[in-house]
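**Student:** Using the sequences and the accompanying hints, generate a full structural model.
To get our numbering, take the position in the sequence shown, counting from 1, and add 1203.
Please keep in mind that the hints were generated in silico from the structure rather than gathered at the bench. Note that this is a predicted model, so its numbers are computed, not measured. Hints are not guaranteed to be accurate.
Stated by the list, open to error - In silico EDC-like pairs for lysine to aspartate or glutamate, Cα to Cα no more than 20 Å straight-line:
#	residue 1	residue 2
1	K1307	E1420
2	K1480	D1252
3	K1232	D1270
4	K1395	E1409
5	K1480	D1233
6	K1480	D1453
7	K1232	D1273
8	K1395	E1420
9	K1232	D1256
10	K1480	D1270
11	K1480	D1371
12	K1307	E1378
13	K1395	D1254
14	K1480	D1254
15	K1480	D1372
16	K1307	D1337
17	K1232	D1250
18	K1480	E1420
19	K1232	D1276
20	K1232	D1252
21	K1395	D1337
22	K1307	D1449
23	K1232	D1254
24	K1307	D1453
25	K1395	D1450
26	K1307	D1450
27	K1307	D1270
28	K1307	E1486
29	K1480	D1250
What the hints assert, rightly or not - Cβ pair distances, simulated, as ranges:
#	residue 1	residue 2	range
30	T1343	G1439	35 to 45 Å
31	T1383	G1439	18 to 28 Å
32	E1409	S1440	15 to 25 Å
33	N1436	T1383	32 to 42 Å
Ideal Cβ placement from N, Cα and C applies to all residues, glycine included.
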Amino acid sequence: MKKPFFTIVAAVAAFQLNAQLVVVNDTWKDGTRTDPAAPVYSEMGVDSDADGDIESAWFRGGAGTMDVTDRGDGVNVLRTVNQTTSSASWTTYFGSLTLGLGNKLTLTWVFTPYNMAGVIPGNTSQGFRLAIFDSANWLTADGTPADQNYWGYAVLQNFAPTLNRANDDNLDLMERTTRTGNLLASAGNWTKRAGGGTQGTQGFVEGTQYTFVFSAERLATGLQLNASFSGGNINGSGILAASYLDDSPDTYTFSGFCIRPSSSTSAAAQFDTGLFKVEFIPEPGTIGLIGLALVGALSGYRRLNG
1204 MKKPFFTIVA AVAAFQLNAQ LVVVNDTWKD GTRTDPAAPV YSEMGVDSDA
1254 DGDIESAWFR GGAGTMDVTD RGDGVNVLRT VNQTTSSASW TTYFGSLTLG
1304 LGNKLTLTWV FTPYNMAGVI PGNTSQGFRL AIFDSANWLT ADGTPADQNY
1354 WGYAVLQNFA PTLNRANDDN LDLMERTTRT GNLLASAGNW TKRAGGGTQG
1404 TQGFVEGTQY TFVFSAERLA TGLQLNASFS GGNINGSGIL AASYLDDSPD
1454 TYTFSGFCIR PSSSTSAAAQ FDTGLFKVEF IPEPGTIGLI GLALVGALSG
1504 YRRLNG
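**Tutor:** Structure (structure tokens):
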């Protein structure tokens, strides 16, 4: 029985809508955070161990713990715990991705904060920091990322039940401007490019799930950057965001993601991560050309086969 041509066209349309590479999509079904180990680091779009996830290895530095655990309902989470007086770092390498014109990278981190009793309600610090970066040397075992040359962008975030900093200064979107040095310990290694958040609105609430999304899209005019937290009633609207068009970026390559809480007085003592995902999206015109090529090939097949 011949397949109706309209179903083939529908299949091509589905391809066009889904033509993106899911580089990492990890929910820790296998119960481990160290797969794939160095020097592989990331499954890069292929579930090579057939465990239902596309993984990247995670590394813990500083104080606290990092373990995959059942959250109590049969679902695994990556649970990270930091301490009152010391910082921690949680780092993963998803693989080296370079953006060509029209390419877009989207990183998604879904987490729930717990044990916030120690967070100082009125703290104005930006002790909760995240970086999307590239570097030459990667961790091979648990530890803090080394002082070296870094390229990329960071988010410096006020973490409290209420956003306590001035307007548009609660989420700061930063660019790496001091090339060498530590990754996130020194705010002076970064320069603010955009900010978001209204002073006095709701911040982070214990037990509420939040989604952090960072995207970088290479345009003819530069690199369009967007960073946001969504969930609950954060910022009084459910979304806290900042955007910036970098017209002279130092890099189009990204390879790693790092989270650094400075202590449990300026960030939650526990974070349960339910999803870490990285997507690489081709330029839309490229998808269209591939789709047209498929339609042409399938049309020829139809003519040859009646």
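**Student:** Which of the listed hints are broken here?
**Tutor:** Those not satisfied are hints 4, 6, 11, 13, 15, 27, 31.
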